[in-house]
Amino acid sequence: MADEDRKRLSSKTSSYQSQEVWKLYDCILIKKPPGSVLNANSVEIPELKLLWELTGDSSEILSRLCCNCLVELVVDNHAELEYILRGVLSVAPSARNLVGITKALSCLLTFQVYKCTTAGMDYFCPFSLRASPHPFITLLISRPEGATILIQEVNVLLVNSVKRYLNCDPQFILRMLESFFKFVLLDPNVTVNWFTRQQFLTTLLQTASVILQCTEKNHNHEEVAERKKLVEDIVDLLASLVPCFQQLITMDSLRKEHFFVAPQERKGQ
11 MADEDRKRLS SKTSSYQSQE VWKLYDCILI KKPPGSVLNA NSVEIPELKL LWELTGDSSE
71 ILSRLCCNCL VELVVDNHAE LEYILRGVLS VAPSARNLVG ITKALSCLLT FQVYKCTTAG
131 MDYFCPFSLR ASPHPFITLL ISRPEGATIL IQEVNVLLVN SVKRYLNCDP QFILRMLESF
191 FKFVLLDPNV TVNWFTRQQF LTTLLQTASV ILQCTEKNHN HEEVAERKKL VEDIVDLLAS
251 LVPCFQQLIT MDSLRKEHFF VAPQERKGQ
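Numbering (my numbering), first residue to last: 11 to 279.
The hints are simulated quantities; they were obtained by calculation from the structure and are not laboratory data.
Fair warning: there could be bad hints in the mix.
[Unchecked claim] Lysine-lysine pairs mimicking DSS-like chemistry, simulated, CA-CA at most 27 angstroms apart:
(1) K59 - K33
(2) K173 - K192
(3) K173 - K239
(4) K113 - K173
Work the whole structure out from these sequences, hints included.
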């Protein structure tokens, strides 16, 4: 049955795939023990196993649909966040498509921040550089060719945070990403190549410029102040890393990149 489902899902239209994937979701809820939360010790459910297998499918649409279902299990309190997070990371090394996996990791990390925000708690990122590496670090190490997708996702997270699409404090989102920033910019090994480092730094500063592109006419005073504060925090974070930068990223390179942000800062003054 699983082979038939896999073949059917891989050969149909996107609308059909969406319907069938969410049917798998419903089957998982029916088959899991009532009141239980899915984790690494849960009894095997064929539909859940199929979802895991398809998260790395070569079809971006199918991969994203399956990843969305896994994230939804967490959001709806049907699965432990840590279980799904580790599962997604374990699929990554052999995945034929990383878009869905990257987005799933992003959603899970954002959901952690959201839970703290709604509980009225201050957010502290549970991940670091080495001991408990940030999921984005783990993904970049296992699949360095996915760096561009990761960088794009970081851009989306930062921009959406000030637009309040994430329902999270923008400073908390930056705090969640901080260890990943440090890894990309400071890792002394060859995990992150020169091009990726420069691409990341340039994109980060361009993102800061986009965030600053606002006026009192188009945004209320609170949002304008929030955008400026996030950009200040990004620049402060980069400045704090300057003494540790490898030779590939020096103060001179920061000065050269500064033109992405400076014009907008002058407009806001």
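* Asked: Any hints this thing doesn't respect? Which numbers, in order?
  -> none
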